[in-house]
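**Student:** Here's the letter readout for the chains.
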Amino acid sequence: MLEQLSWKVGGQQGEGVESTGETFAVALNRRGYYVYSFRQFSSRIKGGHSNDKVRVSLKQYRTSTDYTDVLLAFDQDTIDLEAGEVRTNGIVIADEKFNPTAPDHVRLFAVPLTSIAEECGSAIMKNMVSLGASAAVLGLPIETFTEVAEERFHRKGQKVVDQNTEAIRRGYEFIKEAGGADPSFALKSADGTHRLFMMGNDALALGALAAGARVMPAYPITPASDVMEYLIKKFPKVGGVVVQTEDEIAAMNMTIGAAYGGARAFTATSGPGLALMMEAIGLAGMTETPAVIIDTQRGGPSTGLPTKQEQSDLFAGMFGTHGEIPKIVLFPATPEECFYSMGEAFNLADHYQCPVIVLTDLQLSLSKQTTEPFELEKVIIDRGSIATPDMLAKERPDHGEEFKRYLLTETGISPRAFPGTQGGIHKVTGVEHSENGRPNEAVLNRTNMMDKRLHKLEGVELAGSLVRTGDNNPQVAILGMGANIGAIDEACERLREDGITAAHVHLHTLLPFPVQTLQQSLADAERVVVVENNATGQLRHLMSHFGVEHPQVSSFLKYDGSAFLPIEIHHFVKGMF
Amino acid sequence: MLEQLSWKVGGQQGEGVESTGETFAVALNRRGYYVYSFRQFSSRIKGGHSNDKVRVSLKQYRTSTDYTDVLLAFDQDTIDLEAGEVRTNGIVIADEKFNPTAPDHVRLFAVPLTSIAEECGSAIMKNMVSLGASAAVLGLPIETFTEVAEERFHRKGQKVVDQNTEAIRRGYEFIKEAGGADPSFALKSADGTHRLFMMGNDALALGALAAGARVMPAYPITPASDVMEYLIKKFPKVGGVVVQTEDEIAAMNMTIGAAYGGARAFTATSGPGLALMMEAIGLAGMTETPAVIIDTQRGGPSTGLPTKQEQSDLFAGMFGTHGEIPKIVLFPATPEECFYSMGEAFNLADHYQCPVIVLTDLQLSLSKQTTEPFELEKVIIDRGSIATPDMLAKERPDHGEEFKRYLLTETGISPRAFPGTQGGIHKVTGVEHSENGRPNEAVLNRTNMMDKRLHKLEGVELAGSLVRTGDNNPQVAILGMGANIGAIDEACERLREDGITAAHVHLHTLLPFPVQTLQQSLADAERVVVVENNATGQLRHLMSHFGVEHPQVSSFLKYDGSAFLPIEIHHFVKGMF
Amino acid sequence: MTTTVTVKDFRNDVRPNWCPGCGDFSVQASIQRALASLGKQPHEVAVISGIGCSGRISGYINTYGFHGVHGRALPAAQGLKLANRDLTVIAAGGDGDGFGIGLNHFMHSVRRNMDITYIVMDNHIYGLTKGQHSPTSAHGFTAKTAPAGNIENAVVPAQIALGADIGFLAQGFSSDVNQLVSLIEQAIQYKGFALVNVFSPCVTYNKVNTYDFFRENIVNLDKVDGYDPTSRMEAMKTVIETQGLCTGLIYRDDHRQDYEDQIPGYQTTPIAQQDLQLNPEIFAETLKEFA
Amino acid sequence: MTTTVTVKDFRNDVRPNWCPGCGDFSVQASIQRALASLGKQPHEVAVISGIGCSGRISGYINTYGFHGVHGRALPAAQGLKLANRDLTVIAAGGDGDGFGIGLNHFMHSVRRNMDITYIVMDNHIYGLTKGQHSPTSAHGFTAKTAPAGNIENAVVPAQIALGADIGFLAQGFSSDVNQLVSLIEQAIQYKGFALVNVFSPCVTYNKVNTYDFFRENIVNLDKVDGYDPTSRMEAMKTVIETQGLCTGLIYRDDHRQDYEDQIPGYQTTPIAQQDLQLNPEIFAETLKEFA
Ligand SMILES: Cc1ncc(C[n+]2csc(CCOP(=O)(O)OP(=O)(O)O)c2C)c(N)n1
Ligand SMILES: Cc1ncc(C[n+]2csc(CCOP(=O)(O)OP(=O)(O)O)c2C)c(N)n1
Ligand code: SF4
Ligand code: SF4
Ligand SMILES: [Mg+2]
Ligand SMILES: [Mg+2]
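Top line first, the protein sequences correspond to chains D, Z, C and Y. Its first residue numbered 504, the first sequence is counted upward by one per residue in the numbering used here. Its first residue numbered 504, the second sequence is counted upward by one per residue in the numbering used here. Its first residue numbered 1362, the third sequence is counted upward by one per residue in the numbering used here. Its first residue numbered 1362, the fourth sequence is counted upward by one per residue in the numbering used here.
Keep in mind that the hints are not guaranteed to be accurate.
No more than 20 Å apart at the CA atoms, straight line, and that leaves these computed lysine to aspartate or glutamate pairs for EDC-like [to be verified]:
1) Z:Lys740 x Y:Glu1642
2) D:Lys662 x D:Glu646
3) Y:Lys1598 x C:Glu1650
4) D:Lys737 x C:Glu1650
5) Z:Lys736 x Y:Asp1583
6) Y:Lys1491 x D:Glu525
7) D:Lys907 x D:Asp893
8) D:Lys740 x C:Asp1636
9) C:Lys1649 x D:Asp954
10) Y:Lys1649 x Z:Glu653
11) D:Lys691 x D:Glu646
12) C:Lys1649 x D:Glu653
13) Z:Lys740 x Y:Glu1646
14) Y:Lys1491 x D:Glu518
15) Z:Lys737 x Y:Glu1646
16) Y:Lys1598 x C:Glu1595
17) D:Lys736 x C:Glu1650
18) C:Lys1649 x D:Asp893
19) Z:Lys1077 x Z:Asp1001
20) Y:Lys1598 x Y:Asp1583
Since the hints were derived computationally from the structure, they do not count as laboratory data. Every value quoted in this text rests on a predicted model; they were computed, and no experiment measured them.
Please take these sequences and the hints and turn them into a complete structure.
**Tutor:** This is the structure in structure tokens:
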């Protein structure tokens, strides 16, 4: 009996690969398994190879496996491209229709997926047949899939449900009869705990919703579009609004306008859009307007690899604006973190009155995975320093000078008055300004205002800037961020099996860079390996940039658009000892 | 007799301050003096205090003095604001018209500037009267100014010339009679060598012209606009074209289009415009298109202090684009360097086929100063690796595959074929691509192409990346960039007078960061002080970022919009010993 | 608390840094008069401006004021309106700001049709950057960046606004403050996106399009008998015939819904005043989709 | 060296990754046929495109091809033209690329009037990003980002082009390749900025603006007796009446000079082929101003 299993479905883009993978994954998640699914696709609409790899396990892994146990192939291409990854004696289920051939190290089952589906009513049900076949191979009760099918199709009437159930059953039986129900592939049964199944983008959208975001101007771009597409469906329930703007410049300036107006507002984009937002992000910094920007990183530079994994916008996000502004940059690693990070981002933006960039990477944004249910009570909405109408009525004379929006305070943080508030009239400008927001070039004022703004985050290390797990005084500490959390965790486990003690330091906050905390958390390690999905070692450079020191630091970089596999990190690190 | 002198004219913006200062400076430059003039002005058209400070000396200084010898005041404001800086027993020449009063430590001469001018024909000649008065104070021959006036007005007829000459003479005589011709203010006479007098922006424009730039799309912005405004007048002589685009995004993309087309093309902007260009700069990096971008830094962030000095776009210029591209960033320090840097920038862009950013700062861009004549012969035009029609005709079959624009080579540099060339047809795309420029997502191709692009500049240290002057094994090495060259030089001189040995390391190339060279050039110093016009110590951070180490580094920062004075650096460093 | 407002309530103590004689003074005064005569309270109004001499206007009127980046007044103004639909939102700026770098936002603001008034101070020049030609500078016009004469054709704001299918279009002239006040009043009252393009001479850098130039060349539609501002074809014809040099209410369509009224589930209480706490039931239901 | 060219010369070995049935195939074929029939040599032509399904077109035609960033095909194309005025420069892209993010460049390209042909594949949808509404999507249209129906009004490309005072305006339809070829030929031959907006259905994401939709709703001006494409007012009227749904040559003004012909001192030899070495005499003279 298997404790974990790796199943992959592949075929032409637009051929049902995604929905087959999704149904498989959702069904197993419902049974209480931990599921992690990773999709490979191209920047085109139809055609081109695409696949969806689903890992199923009794404990949680946050990444794909290095190998595949069961491959479901909708075309010969899939076998040619993906069978190499199937483990020896692994199983390939392929549509009989295209006379599949497979390499010797695997066991091929040519199943008449399409014919059975046609017999059940329609060729599109071949995905159901293939799920049935998968259930048989994996020793899963057939209900695993029939229940999901029932739920999904019951609105279309009993007949459709029956057809689909039948298709699943026929696939199941075909494999049984063909002798494909190998007990060595049987999955141990799970405990049936109910958890969520979603991608990072879903969690970001839910996090924004829970955090009180009600205005989202954005421009579509892969892999960020889901966030706006999800909220545009949900916002009507809470009176929020998504605007599909003419471009990212409008999106960012509109976000600023809405934030200035008192809403919690944010936008979401990816690299090219982030580049276009730079000027406006500077405006948010200068005017101390809380604005949240999600940047779902993808393969760069320029249009680059728009559907591939990368972590190469760190510098752009942290250093991209001209001049000098306070800025916060977060980088969650899991859907859970995505959800709570949004609450954190809005609170930080409101507290420090500055732009907050939430980075993800394509793997985190798009991989669907088992996620612990979110607790709304944990999302506290704290709007920071606000001059309310009551306060203004009390404290301020009826006809006095303007409200000092940029009052110089100890902390550098000054109360905001939302437009529309009586007694709160003031000016805001991207030009250097005085306490009441009027353009002012005087040398002393300038110094005070720069100090005010930059002081807000000086020396600050945010709570939860990193998470460290693993051994004390380890031979190696692996430093990573974002979606690489899973591969690093697993590599650490294997290193320990090899007798190498290992710790995993996962960075959650890039700005303010947690210099002390990071320094301390690496101090007891013999060696440090920085793992990142980019070509120049941006995180590695950030350590030096901010003065985090360690005598033995190496970089392990991957920038070919694919995600790190645990085995790669494991081998790299092991090779050092 | 004085070896150097500091003269300042001040008044309301739009009142002739600039032209008075300019005439004074040009006249003295003609006599063979070294002249450095620095203008303070506001971001408004008329009104607001403005002043022009001119330093005149027998040896070259590249900055203003800490004090003023002679102040010419067109209004009381100027005295109130600027007289504090006038040295004890210094002279204030003011228009009698406004009944000027001045502090006790100065000698005030109330001259009927306006009345005399009116008597000579028109009130606007008050600047001529004031120049005559200045000549008398400084013991300069009256011809110093009458010659310039003659030249300037001879096109307007003898009468105008005579009126202006008369105005100068009357001002001169008024001071003589009032006993203002103090021999202690007399300037030693200069050797009459002919040199140029210009601002950094002029030199950049001339440099581009000499380097063969013929297409300049740009959008106006302070302090960059002069470059386009100059070339739009000059280009008709050489068949070039300046396009005033709709925005900076168009300017950058048009520059790329023209560079792709085979022209030497560039644009010029300042911070907010640079921010808008980020996406397109990434495109230039990805498509390996040589494009030159001038960023004349001004006070940031956002609109900031648009007419003030700052050096705060280093990070934006170096790290601003999303994803990872090869990029070169230069930062000249003098008009001479501005001129030759443009030639260098175009050659580097053509050689490495990547964007080259030339940074200046407002002080360098706008301060007019004595400049050694430029030598055209020293500007070598090297277009790098080009597949010419002849080569293509010889090497390539008539109907073969497409030209491999992105041929993988040892150096990472591949020959370019200009559109229009027979046999050179190929594709260019900002998407990751194969050798012939077609979109290609394959893992191996991706790695090869990233390596190709980034490899071009890996480990490269460009010749002339920095200049070191001063003592060996110094107690202090001062590291600086841009217009701070003059203040640092002078501070070093004074430190030496105090018995502190000092070296000045002036950085000319920011990317590729000259790690080795800089490390070596700081190695023998006891302490290092990094002097920069920004609030966060960007250059200081770059040292750490790229791993340049020194046990004793301090930062001296100024970010109030004003230029460094020698005395400030002198005091700061002296205070360390 | 003041209940009746006067022009004075919209004045603050800042002295504009415009050149004496600049057309923008009249625009400022007209906005102030219009707001007063509409009985708006200063704190209920926000002026959002771009960068340029004209862009300084948001600092000179006693209302909430936001001075953003060059060319982006409209997106910021729309964001503000979405956050607080009760506010009277006025966007303002120059011809370069609005029809040069910011033209894309203008075109899309028109079709989005939020309830915003956009006032452009169209001096046919870049003032603040000292005299480059602007998108509304005529072909042949000489300027710092067109010393031999502009070789681009001018944008005619009224024409592109009609081309973009605007719902409210008016033009004014700094010398005719009474008309301008009335146009701004109407624009503010119009429920949807309204453009008031104002010929506002730059006395320092534009020696062609002077007060006299406009006085001589403008056709005042208020004085054209029978002009029908509800006919889009007539408006277009008039604009083409006058080459855009006409003032008055050019076009108005009262049969449109603004954006805000069409947003599904958008509430009458401004977002800025709502309780942001998410209803736990909605949340629980939402999570179900991911179970 | 080939002297007579055929359509084949404009084909390369790349298989377009468009969905079967996508309207863009016809646009590609039409460009290839037009180029061949005009006798252009492949290397004398450059196709500059933006990002989108449509933007891939520059990779599929055997000419020089440049695939830039989203919305910026026109500035890149203009830069290229300035560098080499001998080239036939075709810019191409989608409705989102050209009339969404890139609309500002379109408006200003029109008034700049360089000798460039701009071909838009207008499918009323964002194809590559999988089905969001585009600026040309109708009010009420449902899409991923407008599940309850689009609440913005559509941009009508022909109308804004006329509003911007374009010199050459045509519209085609992917189903009528013969007409499209002829329009593209005329556009390329036109000396100035020419727009060919093509109704090019997205068969995957747009289930409303299908081939049938266009077939039923388009007015073909080639078949309208007496239609006069030299009258701007008539063009405007037609476009308004058909709500932009017309094909054929809509407007053409042959009395304009293009930008290149007006640049002071611009030479007939392309910049890319000139000797860049500065004449020392010109240099010496130039330096004198700074003496
Ligand atoms: C991104 C950016 N580019 C350029 C500038 C410089 N700039 C400031 S105002 C302006 C144009 C002003 O013209 P207009 O909008 O017509 O306003 P006016 O001064 O004439 O009122 C420019 C180009 C800037 N501030 N930001
Ligand atoms: C700056 C930027 N923003 C967003 C995107 C994502 N994106 C790619 S294509 C596209 C729109 C495509 O629509 P359209 O231009 O109509 O072309 P089509 O695919 O319909 O042919 C978008 C939004 C991008 N590549 N760059
Ligand atoms: S420069 Fe022109 S637009 Fe600017 S303030 Fe002066 S007159 Fe007005
Ligand atoms: S998605 Fe639409 S536009 Fe894109 S290739 Fe497919 S049919 Fe064409
Ligand atoms: Mg203007
Ligand atoms: Mg489209």
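**Student:** Compare the structure with each hint and give your call.
**Tutor:** Results of checking the hints against the structure:
Taken as a hint, the Lys740 of chain Z and Glu1642 of chain Y pair is honoured in the structure, with Cα atoms around 11 Å apart against an allowance of 20 Å. In summary, the hint linking Lys662 of chain D to Glu646 of chain D is supported, as the alpha carbons are separated by about 18 Å, within the 20 Å threshold. Restraint check for Lys1598 of chain Y and Glu1650 of chain C: the C-alpha separation of about 50 Å exceeds 20 Å, so the hint is violated. Distance restraint check for Lys737 of chain D and Glu1650 of chain C: the Cα-Cα separation of roughly 12 Å lies within the 20 Å cut-off, and the hinted pair is therefore satisfied.
Restraint check for Lys736 of chain Z and Asp1583 of chain Y: the C-alpha separation of about 47 Å exceeds 20 Å, so the hint is violated. Of the pairs offered as hints, the one joining Lys1491 of chain Y and Glu525 of chain D holds, with about 18 Å between alpha carbons and a cut-off of 20 Å not exceeded. Of the supplied pair hints, the one linking Lys907 of chain D and Asp893 of chain D holds, its CA atoms being roughly 16 Å apart against a limit of 20 Å. With a CA separation close to 14 Å, the supplied pair Lys740 of chain D and Asp1636 of chain C stays within the 20 Å bound.
Distance check on the hinted pair: Lys1649 of chain C and Asp954 of chain D sit about 48 Å apart at the alpha-carbon level, beyond 20 Å; violated. Pair hint Lys1649 of chain Y plus Glu653 of chain Z holds up; C-alpha atoms about 17 Å apart against a cutoff of 20 Å. Only pairs whose Cα atoms come within 20 Å are accepted, and Lys691 of chain D paired with Glu646 of chain D is accepted, the gap being roughly 16 Å. For the suggested pair Lys1649 of chain C and Glu653 of chain D, the alpha carbons sit about 17 Å apart, so the restraint of at most 20 Å is met.
The suggested pairing of Lys740 of chain Z with Glu1646 of chain Y holds, with an alpha-carbon distance near 11 Å, which does not exceed 20 Å. Pair hint Lys1491 of chain Y plus Glu518 of chain D holds up; C-alpha atoms about 15 Å apart against a cutoff of 20 Å. For the suggested pair Lys737 of chain Z and Glu1646 of chain Y, the alpha carbons sit about 11 Å apart, so the restraint of at most 20 Å is met. Of the supplied pair hints, the one linking Lys1598 of chain Y and Glu1595 of chain C holds, its CA atoms being roughly 11 Å apart against a limit of 20 Å.
A C-alpha spacing of about 13 Å is found between Lys736 of chain D and Glu1650 of chain C, which places the hinted pair at or below 20 Å, so the restraint holds. Between Lys1649 of chain C and Asp893 of chain D the CA atoms are separated by roughly 40 Å; this puts the pair beyond 20 Å, and the hint is violated. As the CA atoms of Lys1077 of chain Z and Asp1001 of chain Z are separated by approximately 8 Å, the hinted pair is consistent with the 20 Å bound. Pair hint Lys1598 of chain Y plus Asp1583 of chain Y holds up; C-alpha atoms about 16 Å apart against a cutoff of 20 Å.
In this structure, the hints that do not hold are numbers 3, 5, 9, 18, in rising order.
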